[in-house]
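Starting from the known structure of chain A, arrange chains B and C on it as the hints suggest.
Residue numbers (this note's numbering), protein chains in the order written: chain A, 1 to 300; chain B, 1 to 336; chain C, 1 to 259.
Honestly, the hints are just simulated from the structure, not real lab data.
Please note that the accuracy of each hint is not assured.
Computed list of lysine to aspartate or glutamate pairs in EDC-like fashion (alpha-carbon distance at most 16 Å, straight line) [said to hold, decoys possible]:
| id | chain 1 | residue 1 | chain 2 | residue 2 |
| --- | --- | --- | --- | --- |
| 1 | B | Lys242 | C | Glu91 |
| 2 | B | Lys295 | A | Glu212 |
| 3 | A | Lys265 | A | Asp153 |
| 4 | A | Lys199 | B | Asp192 |
| 5 | C | Lys64 | C | Glu35 |
| 6 | C | Lys59 | C | Asp78 |
| 7 | A | Lys247 | A | Glu147 |
| 8 | B | Lys295 | A | Asp122 |
| 9 | C | Lys64 | C | Glu76 |
| 10 | A | Lys199 | B | Asp49 |
| 11 | C | Lys64 | C | Glu12 |
| 12 | A | Lys199 | B | Glu200 |
| 13 | B | Lys242 | C | Glu95 |
| 14 | A | Lys265 | A | Asp87 |
| 15 | C | Lys59 | B | Glu239 |
| 16 | A | Lys279 | A | Glu289 |
| 17 | A | Lys199 | B | Glu117 |
| 18 | C | Lys33 | C | Glu70 |
| 19 | C | Lys140 | C | Glu198 |
| 20 | C | Lys33 | C | Glu6 |
| 21 | B | Lys204 | B | Asp192 |
| 22 | B | Lys235 | B | Glu200 |
| 23 | C | Lys123 | C | Glu91 |
| 24 | C | Lys33 | C | Glu201 |
| 25 | C | Lys32 | C | Asp221 |
| 26 | C | Lys32 | C | Glu95 |
| 27 | A | Lys272 | A | Asp62 |
| 28 | A | Lys279 | A | Asp153 |
| 29 | A | Lys146 | A | Glu257 |
| 30 | B | Lys235 | C | Glu6 |
| 31 | B | Lys242 | C | Glu58 |
| 32 | B | Lys242 | C | Glu70 |
If you want the ones that stay clear, here's a sample from chain C, every Cβ over 12 Å from chain B, calculated [as the list claims (entries may be wrong)]:
| id | residue |
| --- | --- |
| 33 | Glu22 |
| 34 | Gln56 |
| 35 | Glu198 |
| 36 | Lys250 |
Every residue, glycine too, gets a C-beta built ideally from N, C-alpha and C.
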Amino acid sequence: MKKRMMAILCAAGMLVSMTACGAAKPADVAGAATDAAATDAAVATDTSAATDTADAAGATIDLGDAKFLTEGVLNVGAEVGYPPFEDFAEDGTTPIGYDIDIITAVADKLGLDVNIINTAWDGIFAGIGVNYDVACSAVTITPERKETMLFSDPYINNYQAVVLPADSDKTISSFNDLDGMTIALQKETTSDILMSDYKSTGTIDIQIVANEKITSCFTQLQNGEVDAVVVDSTVADGFINSSDAFKIAYEDQEEAEQFGIAMAKENTGLQKAINQALKELEEEGFIEESYNYWFGSAAE
Amino acid sequence: MKFLKKYKKPIIVIAVIVAVIIVLGALLPTKQELLSCASPEMQKMIEEDATRSRKRVTETYESLIVINYLSLSTSGAQEVSEHYVGFVRNVYPADEGPMKVVGQMVNYTYRMLGCGENWMHGAKLTVLLTTLTVLFGLLLGTVLALGKISKNKVLSKISSGYIFFFRGTPLLIQLFVVYFTVPGIFGFAWRDIFPASDAEAVYKGAFTAALIAFALNSGAYCAEIVRSAIQSIDKGQFEAAKALGMTYGQTMGRIVIPQSIRRMIPNVSNEFIMILKDASLVFAISLMDITTISKNIMTSEGSYLVFIPALVIYLVITAFFGFIFNKLEKRFSIYE
Amino acid sequence: MSENYEYILKTEHVSKRFGTLEVLKDINLSVKKGEVICIIGPSGAGKSTFLRSLNQLEKITSGKIFIRDELFLHREHDHTVDKLPHEKQQELLLEMGMVFQRFNLFPHMTVLQNVCEAPVVVKKQKKSEAEAQARELLEKVGLSDKADEYPSRLSGGQQQRVAIARALAMNPEIMLFDEPTSALDPELVGDVLNVMKELAESGMTMLVVTHEMGFAKEVADRVLFMADGIIAEEGTPDQIFTNPQVDRTKSFLNAILET
Numbered sequence: 001m002k003k004r005m006m007a008i009l010c011a012a013g014m015l016v017s018m019t020a021c022g023a024a025k026p027a028d029v030a031g032a033a034t035d036a037a038a039t040d041a042a043v044a045t046d047t048s049a050a051t052d053t054a055d056a057a058g059a060t061i062d063l064g065d066a067k068f069l070t071e072g073v074l075n076v077g078a079e080v081g082y083p084p085f086e087d088f089a090e091d092g093t094t095p096i097g098y099d100i101d102i103i104t105a106v107a108d109k110l111g112l113d114v115n116i117i118n119t120a121w122d123g124i125f126a127g128i129g130v131n132y133d134v135a136c137s138a139v140t141i142t143p144e145r146k147e148t149m150l151f152s153d154p155y156i157n158n159y160q161a162v163v164l165p166a167d168s169d170k171t172i173s174s175f176n177d178l179d180g181m182t183i184a185l186q187k188e189t190t191s192d193i194l195m196s197d198y199k200s201t202g203t204i205d206i207q208i209v210a211n212e213k214i215t216s217c218f219t220q221l222q223n224g225e226v227d228a229v230v231v232d233s234t235v236a237d238g239f240i241n242s243s244d245a246f247k248i249a250y251e252d253q254e255e256a257e258q259f260g261i262a263m264a265k266e267n268t269g270l271q272k273a274i275n276q277a278l279k280e281l282e283e284e285g286f287i288e289e290s291y292n293y294w295f296g297s298a299a300e
Numbered sequence: 001m002k003f004l005k006k007y008k009k010p011i012i013v014i015a016v017i018v019a020v021i022i023v024l025g026a027l028l029p030t031k032q033e034l035l036s037c038a039s040p041e042m043q044k045m046i047e048e049d050a051t052r053s054r055k056r057v058t059e060t061y062e063s064l065i066v067i068n069y070l071s072l073s074t075s076g077a078q079e080v081s082e083h084y085v086g087f088v089r090n091v092y093p094a095d096e097g098p099m100k101v102v103g104q105m106v107n108y109t110y111r112m113l114g115c116g117e118n119w120m121h122g123a124k125l126t127v128l129l130t131t132l133t134v135l136f137g138l139l140l141g142t143v144l145a146l147g148k149i150s151k152n153k154v155l156s157k158i159s160s161g162y163i164f165f166f167r168g169t170p171l172l173i174q175l176f177v178v179y180f181t182v183p184g185i186f187g188f189a190w191r192d193i194f195p196a197s198d199a200e201a202v203y204k205g206a207f208t209a210a211l212i213a214f215a216l217n218s219g220a221y222c223a224e225i226v227r228s229a230i231q232s233i234d235k236g237q238f239e240a241a242k243a244l245g246m247t248y249g250q251t252m253g254r255i256v257i258p259q260s261i262r263r264m265i266p267n268v269s270n271e272f273i274m275i276l277k278d279a280s281l282v283f284a285i286s287l288m289d290i291t292t293i294s295k296n297i298m299t300s301e302g303s304y305l306v307f308i309p310a311l312v313i314y315l316v317i318t319a320f321f322g323f324i325f326n327k328l329e330k331r332f333s334i335y336e
Numbered sequence: 001m002s003e004n005y006e007y008i009l010k011t012e013h014v015s016k017r018f019g020t021l022e023v024l025k026d027i028n029l030s031v032k033k034g035e036v037i038c039i040i041g042p043s044g045a046g047k048s049t050f051l052r053s054l055n056q057l058e059k060i061t062s063g064k065i066f067i068r069d070e071l072f073l074h075r076e077h078d079h080t081v082d083k084l085p086h087e088k089q090q091e092l093l094l095e096m097g098m099v100f101q102r103f104n105l106f107p108h109m110t111v112l113q114n115v116c117e118a119p120v121v122v123k124k125q126k127k128s129e130a131e132a133q134a135r136e137l138l139e140k141v142g143l144s145d146k147a148d149e150y151p152s153r154l155s156g157g158q159q160q161r162v163a164i165a166r167a168l169a170m171n172p173e174i175m176l177f178d179e180p181t182s183a184l185d186p187e188l189v190g191d192v193l194n195v196m197k198e199l200a201e202s203g204m205t206m207l208v209v210t211h212e213m214g215f216a217k218e219v220a221d222r223v224l225f226m227a228d229g230i231i232a233e234e235g236t237p238d239q240i241f242t243n244p245q246v247d248r249t250k251s252f253l254n255a256i257l258e259t
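Bound-form chain A, shown alone (with noise of 0.2 Å):
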């Protein structure tokens, strides 16, 4: 997904120690903060209904040594924008979606209140344990992030898939398929990390067209301008979900990706927590309900 590689946090790193961008920063996210502080309430009561199932006794799980910027809240960074995962709801302020949903009730279970901070997918990672505690953004686990940061378990899988035209006739059984099409993706994703592999390195000829946003993919797919798009799985989903006018025509089940929540390398006593947090989770099936919620039946 959003694995804008091992370059971002070289990239990242350098913006934190490049002090424009450290002033620049906090003005955007106090702003953030006061948005989020506002509608936290209304996070809290559209999730309470599926954590009502859980049994009450929700803070139960020890914090031990874990870390806090702010005593009793769960500070979270993500890049509202980026539905099913996150979104602002139809008021323009609320943040809502999968990963949204998932820190609630994690949040819930540590007895923390939560408090979404939007930031800018560029240098989200360097804001982790500055400006938030965690990051939960629908961010892949990959091996050189895990150098410089801690993770969760895995809260969902994700693939690459190709998304035609519903009334499109073409079959696609690989990438290779794609051979001679246009294909719409989104910049600095892995979906465009394995898109553009595979043309540098001649294993097929593709037209590759590459947007700052998703949405835009999809309405150039819709236009007839490109043939394809592949993105996410996950996302995918979530488009065809509340639209007819795509199919997936194909996903990579090799090559899963998985997401998890992001925390600074020291606070393992947080991931701990969250680890045991997500566990309950799943065993109470408000993972999976929450999957079927956002990404409808077309998931697994």
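Then chains B and C, alone, in the frame of chain A:
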């Protein structure tokens, strides 16, 4: 001969530069020579790729006439990469140290110039889009300016409304509307303008949409430039033309507009530079101009060096067109 | 064209107002072919406005303008009551050449191009013919050596002579001069007046708004004295300059001759 005499110095300088480039270019190692420097493991992987359906080695060869660059890299679990720079009969490994930086510079410059790509990439896109936008913008702007100062109330209102609309809304949104909304409403795709057999139709389609949006927008700005230039022309010129029996069209076309061109040039030059920078907005419709490519390199490779060649390329472009506008201004002020 | 007309140019009750300011009040004038008429008077008298309304640079508020006895334009209360068809109007307007106080040459064209422009563009003359004629005219105003110069390289007097040549290139029957020497340095006035004098001697019908009393005395067939938007007095140069009847004329001439 007169020409040669007048530009003696620059001609000599250019001739020397060209000669140096030709010599250095002749001494440049070939791609094969660069490839032969690759490690045995890499050579083996390249060989294996020939029979694979999912190839693994990415071979990037880029030549900037006097210097060239080869990058071999593999994807997957065991990620390996090798880089070489060729210069004056020598091949230098460029995996670390200063040669790594040289290699990166060659690579970044090559990509930002849009070498090895079609016209819809990099500096070529920026220059083409900007030049065509200014040309069409000026044509449209002249029509709008004449409409705005016309005594015909309807025409004048339409022109004013147009200018108000396009100056009062952001270019990025206009670009979105032209590229996404219009085809969505009318059920066509920009790439359908070009033959289906054209693999690059999607870029050409996007470029067409960008050019339309940019020209429509620039027309509004140019209209104000043209209008103020026309209105700065002495009223006596209109009267003299009228007294000689010239029609409004003849007066505008032969007397007023030719005189106003010189007064427009500094403002058009500004508009040109504005568009040059605005051209980076094409990132929104999947096109890659200099700024977009440099940003991509920054995020995917984490290299902050990329912005240095980007600045140089922009400066070269502005210097070149600044020179042209200067010459034009001189040319048009010959009678003053 | 029919030569059977009494007056080449005639105005009846011509009035012009700018807002509430009445610049011309009931001007009646009849001009015969070949007449040279000088219009004198204090500034603000409406002399230029009158001249400019003859060739439609100003729109009159009311009154009638006849050209060759044909009703060219009839307006009342700022509305056109009657006029010739547009093409016919344009054709007759070409019979009037105009010379401006500030020359108004086209700065982006050479002297020759300035003179050729209208014949080629408006009259659709062949370029070669127009050029030959232009060179003749430039010869006539004494500037044949300046044909390829741009106007900015010329003195005011030379520019005004080019402007005269430019107007003459359209072969007009009437020449209107709007203070042709007022913007010139005194030493340059003579050349321009000489050219105008020659033109008058060749039989051209001329209406000249001027402050050059000497020129008026010598060349004019008739002198009009305008003040406050009316023709206060008119007569031969002799009558006006030696024996003016109206007080305003007297005081104006006194003021002029004193300086």
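inquiry  = Check the hint pairing Lys146 (chain A) with Glu257 (chain A) against an upper bound of 16 Å on the C-alpha distance.
reply    = holds, 14 Å
message = Hint check: Lys123 (chain C) vs Glu91 (chain C), CA-CA at most 16 Å. Holds or violated?
response = holds, 10 Å
task = For the pair we were handed, Lys199 (chain A) and Asp192 (chain B), check the Cα-Cα distance against 16 Å.
result = It is violated: about 24 Å lies between the C-alpha atoms, which goes past 16 Å.
inquiry  = Can you confirm whether the C-alpha distance between Lys59 (chain C) and Asp78 (chain C) stays at or below 16 Å?
reply    = holds, 8 Å
request  = Just double-check Gln56 (chain C) for me: nearest Cβ-Cβ distance to chain B has to come out over 12 Å.
outcome  = Violated, since 8 Å does not exceed 12 Å.
message = Checking one constraint from the list: CA of Lys140 (chain C) to CA of Glu198 (chain C), max 16 Å. Satisfied?
response = Roughly 9 Å between the alpha carbons, so the hint for Lys140 (chain C) and Glu198 (chain C) holds.
inquiry  = For Lys279 (chain A) and Glu289 (chain A), compute the direct alpha-carbon distance and say whether it is at most 16 Å.
reply    = holds, 14 Å
task = Would you check the hint for Lys242 (chain B) and Glu70 (chain C), treating anything up to 16 Å between C-alpha atoms as holding?
result = Given that 16 Å is the threshold and the Cα spacing comes to 22 Å, the pair is violated.
request  = Could you grab the alpha-carbon distance between Lys242 (chain B) and Glu91 (chain C) and see if it respects the 16 Å cut-off?
outcome  = holds, 13 Å
ask   = Hey, Lys199 (chain A) versus Glu117 (chain B), does the alpha-carbon distance stay inside 16 Å?
value = Roughly 14 Å separates the two Cα atoms, so the pair holds.
query = Given the hint that Lys247 (chain A) pairs with Glu147 (chain A), does the C-alpha gap stay at or below 16 Å?
reply = violated, 37 Å
query = Holds or violated: Lys279 (chain A) with Asp153 (chain A), Cα cutoff 16 Å?
reply = Since the Cα atoms of Lys279 (chain A) and Asp153 (chain A) sit roughly 9 Å apart, the hinted pair holds (cutoff 16 Å).
Violated hints, listed in ascending order, are 4, 5, 7, 14, 22, 30, 32, 34; each of the other numbered hints is respected by the structure.
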